[in-house]
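With these hints in hand, go ahead and build the complete structure from the sequences.
So you can see what is in the structure, the chains are spelled out below.
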Amino acid sequence: MRSTRTNRTSEIANGYGSGVAFGCASLLLFLAVLLVSAAAPEKHLAIFSTAANYSLPVITRQGQDYIGLLELLDPLGTVSAKSDPPRWRLHYNNVLGEFMAGKSRARIQGRDADLSGKFLLENGRGLVPVASLNSLLPRFLGGPATLREESNRVFIGNIATHFTASVSPNDPSRLVFRFTAPVNPSVASEPGKLRLTFRREPLTGPASPMLTFSSKIIPSADYSENNGAAAIEVATSIPLFASFSPDGRTITLAPAKSQTATNPPAASGPGTPAAGTPAANTSVATSQAATAPAAGTQATSAPAANTPAPPAAQTNTQSSSATPPVSVPRRYFAIVDASHGGNDRGEALSTTLAEKDITVAFARRLRQELESRGISTLVLRDSDANLSLEDRAYFANTTHAAVYIALHAASNGHGVRLYTALLPYTGEEDRGPFRSWTTAQSTSIPLSQATAASVAAQLRKVQVTVRTLSAPLRPLNNIVTAAIAVEVAPPASNLSPLTAPDYQQLIAGAVANGIVDIRAQLGAAP
Amino acid sequence: MIPRHFFIAVAVLAAAVLGMSLYAWRMRGRAAATPVATVDTRPVVAPVSGSTEQVTLFVAYDDVGVLHAQTAQIPLPSVRQQRAEELLKALLALYLDKNSPHPLPPGSDIRSVYLVDPGLAVIDVNAAFADGHRSGVLSEALTVASLVQTLSANIPGILKVKILVEGKQRDTLAGHADLSAFYDVSAVNQLSSQLQSPQ
Chain S
1 MRSTRTNRTS
11 EIANGYGSGV
21 AFGCASLLLF
31 LAVLLVSAAA
41 PEKHLAIFST
51 AANYSLPVIT
61 RQGQDYIGLL
71 ELLDPLGTVS
81 AKSDPPRWRL
91 HYNNVLGEFM
101 AGKSRARIQG
111 RDADLSGKFL
121 LENGRGLVPV
131 ASLNSLLPRF
141 LGGPATLREE
151 SNRVFIGNIA
161 THFTASVSPN
171 DPSRLVFRFT
181 APVNPSVASE
191 PGKLRLTFRR
201 EPLTGPASPM
211 LTFSSKIIPS
221 ADYSENNGAA
231 AIEVATSIPL
241 FASFSPDGRT
251 ITLAPAKSQT
261 ATNPPAASGP
271 GTPAAGTPAA
281 NTSVATSQAA
291 TAPAAGTQAT
301 SAPAANTPAP
311 PAAQTNTQSS
321 SATPPVSVPR
331 RYFAIVDASH
341 GGNDRGEALS
351 TTLAEKDITV
361 AFARRLRQEL
371 ESRGISTLVL
381 RDSDANLSLE
391 DRAYFANTTH
401 AAVYIALHAA
411 SNGHGVRLYT
421 ALLPYTGEED
431 RGPFRSWTTA
441 QSTSIPLSQA
451 TAASVAAQLR
461 KVQVTVRTLS
471 APLRPLNNIV
481 TAAIAVEVAP
491 PASNLSPLTA
501 PDYQQLIAGA
511 VANGIVDIRA
521 QLGAAP
Chain H
1 MIPRHFFIAV
11 AVLAAAVLGM
21 SLYAWRMRGR
31 AAATPVATVD
41 TRPVVAPVSG
51 STEQVTLFVA
61 YDDVGVLHAQ
71 TAQIPLPSVR
81 QQRAEELLKA
91 LLALYLDKNS
101 PHPLPPGSDI
111 RSVYLVDPGL
121 AVIDVNAAFA
131 DGHRSGVLSE
141 ALTVASLVQT
151 LSANIPGILK
161 VKILVEGKQR
171 DTLAGHADLS
181 AFYDVSAVNQ
191 LSSQLQSPQ
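Protein chains in written order, with this note's numbering: chain S, 1 to 526; chain H, 1 to 199.
To be clear, the hints were calculated from the coordinates, so they are not data collected in a lab. Every residue gets a Cβ at the ideal spot worked out from N, C-alpha and C, and that includes glycine. Certain hints may be false.
Covered stretches of chain H, as calculated for chain S (at least 3 residues, CB under 8 Å) [to be verified]: (1) 128-139; (2) 176-187.
Residues of chain H placed beyond 10 Å of chain S at every Cβ, according to the derived structure [as the list claims (entries may be wrong)]: (3) A15; (4) Y23; (5) W25; (6) R28; (7) K89; (8) P105; (9) D117; (10) I158; (11) E166; (12) G167; (13) T172; (14) L191; (15) Q194.
And the structure:
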């Protein structure tokens, strides 16, 4: 009897033990899965072309990487899609692609194309395997397109940027990188390493990713690509400074002392501000920084995806504030900012029409009009990307453009409304070369108003109703150069002209003419 | 071998899950069947008792995109802060009227107005006010100018105005008008004078 009870007790104990162990194991497994999934960075596909550089999120389905084909082609040309499940048709310029959900073959211009995996149709959105882009894109674009699958980067056309690296023969502590096109990497350092990360440049590496140098201070550099970005990691035994040539094609790494002694006013980047990101600092520098100290400096956060390259901004504020202003080469005369984007739809102009879609279409048209008049133009948002107001101001300020034009669309009222910043806000005071973030526009208000007047005059010439106002509209007050916002409303109560190419063209042409008229005045501004 | 009590425990848990699911399903059905009030019917007009005073309200008109000053007789308490609240509630009553020249979403209200010396007024609006506000640069600028101008024209000594939503700072009113900064009354005066002519 006693023996039986003892056995039963032991059995119960074992049962409890196995149950508890099973529960603990399940809990640990669940937590491990949760941690791993939380830690995994979101995958991106970076696309580099002469028309636009942007990145898109990669979607994983059944263990395979997929990308939305419409979103991929949208910034590159005129694209439309029609979903008729299970069929999905896509028009890119004059090329027709026909896809079938669940099938691994598609027809492009009547010819078969292999997709390297099944085509997926999710809520009317066509997803193709990333691996299929090597064969799909040349068929749609009619030119070469290269997918670097290991790093999720797509190069459209011959746009790759190459580089060489060499240690100065006179000074083994100086490493010089020369690039075939201007670059703006972010710079980060940690003990024994300096890392240059190129998220917005189509950088390609040398034949061997490991570069070795005959220098004890800088023995090697390692090139790598991952998740839409390229990086060069330099091994170093002492803290290094990074400085950029004014044309953005040369980066020199040197120890702090050497850098200061030999290159005191060197630019830190093409059009680099001294301030850090606006989120961290509430001021924006108007003068050029001296150097980008890598050692002891945190890298700035990478700009939002789908945005053009802002210049590097890794600068010690103390050293920069002590540096005299240096003239900055201007890469773009005009910045055109398609307001809203991503989750921010702006005004719902109708049940199907969002302000964000009108602004990006209008931005592309305005860029075309400005560039046809010889004005180099950068469109800040060229796809359906989220871009914060701080980032918009940051990009506009760091490119040192002569004029910033924000685009909005509205359903109420008629014609066009032009806005300049409503100042003064009550904000912080300027400190030395740094401007208060909230009142950065203050010194440019007269020029902004002159720009608005010039654009208004041109709009009136083409019989468009126009009104000029000041408005509490960010990021106008954060911009250091001439800044206006253009709000386009339909000419009458009918909304359809907002999407009509003729109406967009009329307004874009008039705005471009207005900028051309005041070009000399804008160009002369610091 | 898995002990019997383990099976019993799993069975009890499974039964509990099933029971809870059925209960949740029934509750969901009941909630769906309950009519939800789509319009907040709380009164937002100023109290009608007490002596009335003549005030100037700066009223936005969306159709022509202008701000018009118009006088009104409204009952106002003697305490400065309560006067500010009643003033803005009277303005909102105009906007919530069915013939509103600048419609605001149903249920829009002024939660409080705080007057902080020297010269700062903080207007705290409710979530309905901002969440349902019509989006657009001009539409939002009209609302901001209307509130700030009405307050500063009738309550002497206000130099700066901050607008909060449910007691918290928001970046924008409805995607455009900046709510992150303090408005300088003199700057809003300038905007108001621009908005008083349709050009």
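Exclusion check [Q194(H) not at the chain S interface, CB over 10 Å]: For Q194(H), whose nearest Cβ neighbour in chain S is about 5 Å away, the distance does not exceed 10 Å, so it is violated.
Least C-beta distance from G167(H) to chain S larger than 10 Å: At roughly 21 Å from the nearest Cβ of chain S, G167(H) sits farther out than 10 Å, so the non-interface label holds.
A15(H) non-interfacial with respect to chain S [C-beta, more than 10 Å]: At about 18 Å from chain S, A15(H) clears the 10 Å cut-off, so the statement holds.
Would you say Y23(H) is clear of chain S, with no C-beta pair closer than or equal to 10 Å? holds, 25 Å
Beyond 10 Å on every Cβ pair: is that true for L191(H) relative to chain S? violated, 5 Å
Whether K89(H) stays farther than 10 Å from all C-beta atoms of chain S, as the label says: holds, 23 Å
If you count the residues of the stretch 128-139 of chain H with a beta-carbon closer than 8 Å to a beta-carbon of chain S, do you get 3 or more? holds (count 6)
Far enough from chain S: is every CB of that chain over 10 Å from the CB of P105(H)? holds, 14 Å
Given as non-interface: R28(H), which should sit over 10 Å from chain S by C-beta: holds, 24 Å
T172(H) clear of chain S by more than 10 Å, beta carbon to beta carbon? violated, 7 Å
Within 8 Å of chain S (C-beta), three or more residues of the stretch 176-187 of chain H: holds (count 10)
Minimum Cβ separation between W25(H) and chain S greater than 10 Å? holds, 26 Å
Hint check: violations occur at hints 13, 14, 15; the rest are consistent with the structure.
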